[in-house]
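Enquirer: Sequence:
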Amino acid sequence: MEAEVDSLEQAYIQLEEENVSLKGAYEEAQQEIQRRKAALRRLSAKSNEEIGGLKEQIAALLSAKEELEKAITALQVENDSLRALTGQLSESLAAAEAENRRLNEVNAALQKEKERLTLASYKANAFRVEVERKKPKVTSKSRRARRINVTFDLMNVPPEYQGVQTLYLVITDDKGTPISVSNPIKATLNVKGQTMDIFAVKAKEVNVGENQRLSFTYDLENRLKSGIYRAIVYTDVGMLGAAGFKLR
Numbered sequence: 069m070e071a072e073v074d075s076l077e078q079a080y081i082q083l084e085e086e087n088v089s090l091k092g093a094y095e096e097a098q099q100e101i102q103r104r105k106a107a108l109r110r111l112s113a114k115s116n117e118e119i120g121g122l123k124e125q126i127a128a129l130l131s132a133k134e135e136l137e138k139a140i141t142a143l144q145v146e147n148d149s150l151r152a153l154t155g156q157l158s159e160s161l162a163a164a165e166a167e168n169r170r171l172n173e174v175n176a177a178l179q180k181e182k183e184r185l186t187l188a189s190y191k192a193n194a195f196r197v198e199v200e201r202k203k204p205k206v207t208s209k210s211r212r213a214r215r216i217n218v219t220f221d222l223m224n225v226p227p228e229y230q231g232v233q234t235l236y237l238v239i240t241d242d243k244g245t246p247i248s249v250s251n252p253i254k255a256t257l258n259v260k261g262q263t264m265d266i267f268a269v270k271a272k273e274v275n276v277g278e279n280q281r282l283s284f285t286y287d288l289e290n291r292l293k294s295g296i297y298r299a300i301v302y303t304d305v306g307m308l309g310a311a312g313f314k315l316r
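Per the working numbering, residue 69 is the first one in the sequence shown, and the count goes up by one each step.
Each hint should be verified, as a subset may be incorrect.
So the derived label-pair ranges between C-beta atoms look like this [said to hold, decoys possible]:
no., residue 1, residue 2, range
1, Q125, L157, 43 to 53 angstroms
2, A166, D265, 24 to 34 angstroms
3, R170, L150, 27 to 37 angstroms
4, L157, I126, 27 to 37 angstroms
5, E117, L150, 47 to 57 angstroms
6, S158, I253, 37 to 47 angstroms
7, S158, G231, 19 to 29 angstroms
8, G121, L157, 49 to 59 angstroms
List of simulated lysine-lysine pairs, DSS-like, C-alpha gap at most 30 angstroms [as the list claims (entries may be wrong)]:
no., residue 1, residue 2
9, K180, K105
10, K272, K202
11, K191, K272
12, K180, K260
13, K203, K293
14, K254, K293
15, K123, K138
16, K203, K123
17, K180, K270
18, K203, K272
19, K123, K205
20, K270, K293
21, K260, K272
22, K105, K123
23, K202, K254
24, K270, K260
25, K243, K260
26, K191, K105
27, K203, K314
In case anyone wonders, no lab produced these hints; they're calculated from the structure.
Since this is a predicted model, take the numbers as computed values, not measurements.
Ideal Cβ placement from N, Cα and C applies to all residues, glycine included.
Kindly generate the complete structure, drawing on both the sequences and the hints.
Expert: Structure representation (structure tokens):
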């Protein structure tokens with residue numbers, strides 16, 4: 069009996085020791101669990117923070133992408149507009165070059181005509197044509213043209229060509245057709261022994277001296293279309309001077 073009690077006491081002590089050991093292991097396990105939970109919370113918080121940062125970066129990138137797409141679209145529109153404008157400018161330049169070539173041709177033809185119809189000793193110098201708006205301001209636009217001013221110099225006029233005489237202003241298109249006026253002034257000239265008819269828009273009597281500066285001012289009855297025109301001044305004995313001008 070005593071032996072059994074001792075055996076039981078030994079078993080109890082052993083169980084007590086094992087219980088203490090298990091209790092310590094349990095507590096360590098609990099602590100480890102708490103540590104793992106804390107670590108998980110930290111990782112979760114860090115992950116959430118990183119995810120939040122990534123979301124902000126993605127949102128910023130998407131916003132930047134949208135702005136870039138808008139900028140690209142705007143640039144494409146601008147490029148299309150510039151291409152269209154370049155095409156228009158190219159066409160305008162080609163048209164202007166063609167008009168300039170035509171004006172040069174008209175002036176070359178006028179030069180030949182002057183050589184044929186102008187007296188060597190009686191001709192105009194510094195022949196100039198200006199087109200003005202309603203207000204006295206020079207213009208090259210047909211829709212604004214209201215008057216034509218022609219100025220020129222007569223220098224060293226021989227005595228036989230001095231005195232009172234009629235000067236005629238003729239305005240034609242580039243083909244030599246007189247512009248339309250309600251009362252054209254018809255005159256027959258004797259040029260180097262040959263007669264020729266002209267239709268002037270204006271005529272005036274001038275007392276021609278040896279040296280002087282003369283001018284014509286003609287107020288247009290009708291608006292002129294865009295194109296090349298010629299202004300010519302005649303006397304009864306031939307052409308004094310001429311020049312071409314362009315309206316656009």
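Enquirer: Next, verify each hint and record whether it holds.
Expert: For each hint, the structure was consulted:
1. Q125 / L157: 43 to 53 angstroms: holds (46 angstroms)
2. A166 / D265: 24 to 34 angstroms: holds (32 angstroms)
3. R170 / L150: 27 to 37 angstroms: holds (30 angstroms)
4. L157 / I126: 27 to 37 angstroms: violated (45 angstroms)
5. E117 / L150: 47 to 57 angstroms: holds (48 angstroms)
6. S158 / I253: 37 to 47 angstroms: Taking Cβ atoms as reference, S158 and I253 lie about 44 angstroms apart, which means the hint holds.
7. S158 / G231: 19 to 29 angstroms: Violated, at about 55 angstroms.
8. G121 / L157: 49 to 59 angstroms: Holds - the Cβ-Cβ distance for G121 and L157, about 52 angstroms, lies within 49 to 59 angstroms.
9. K180 / K105: Not satisfied, since the Cα-Cα distance of roughly 109 angstroms exceeds 30 angstroms.
10. K272 / K202: Answer holds: K272 to K202 is near 23 angstroms, not above 30 angstroms.
11. K191 / K272: Measuring from Cα to Cα gives roughly 17 angstroms; hence the hint holds.
12. K180 / K260: Distance ~15 angstroms between K180 and K260 Cα, so the pair holds.
13. K203 / K293: Given that 30 angstroms is the threshold and the Cα spacing comes to 19 angstroms, the pair holds.
14. K254 / K293: Cα-Cα ~23 angstroms, so holds.
15. K123 / K138: holds (22 angstroms)
16. K203 / K123: violated (69 angstroms)
17. K180 / K270: Given that 30 angstroms is the threshold and the Cα spacing comes to 24 angstroms, the pair holds.
18. K203 / K272: holds (24 angstroms)
19. K123 / K205: Answer violated: K123 to K205 is near 67 angstroms, above 30 angstroms.
20. K270 / K293: holds (20 angstroms)
21. K260 / K272: Distance ~22 angstroms between K260 and K272 Cα, so the pair holds.
22. K105 / K123: holds (26 angstroms)
23. K202 / K254: Answer holds: K202 to K254 is near 28 angstroms, not above 30 angstroms.
24. K270 / K260: holds (23 angstroms)
25. K243 / K260: Answer holds: K243 to K260 is near 23 angstroms, not above 30 angstroms.
26. K191 / K105: violated (115 angstroms)
27. K203 / K314: holds (19 angstroms)
Violated hints for the displayed structure, listed by number in ascending order: 4, 7, 9, 16, 19, 26.
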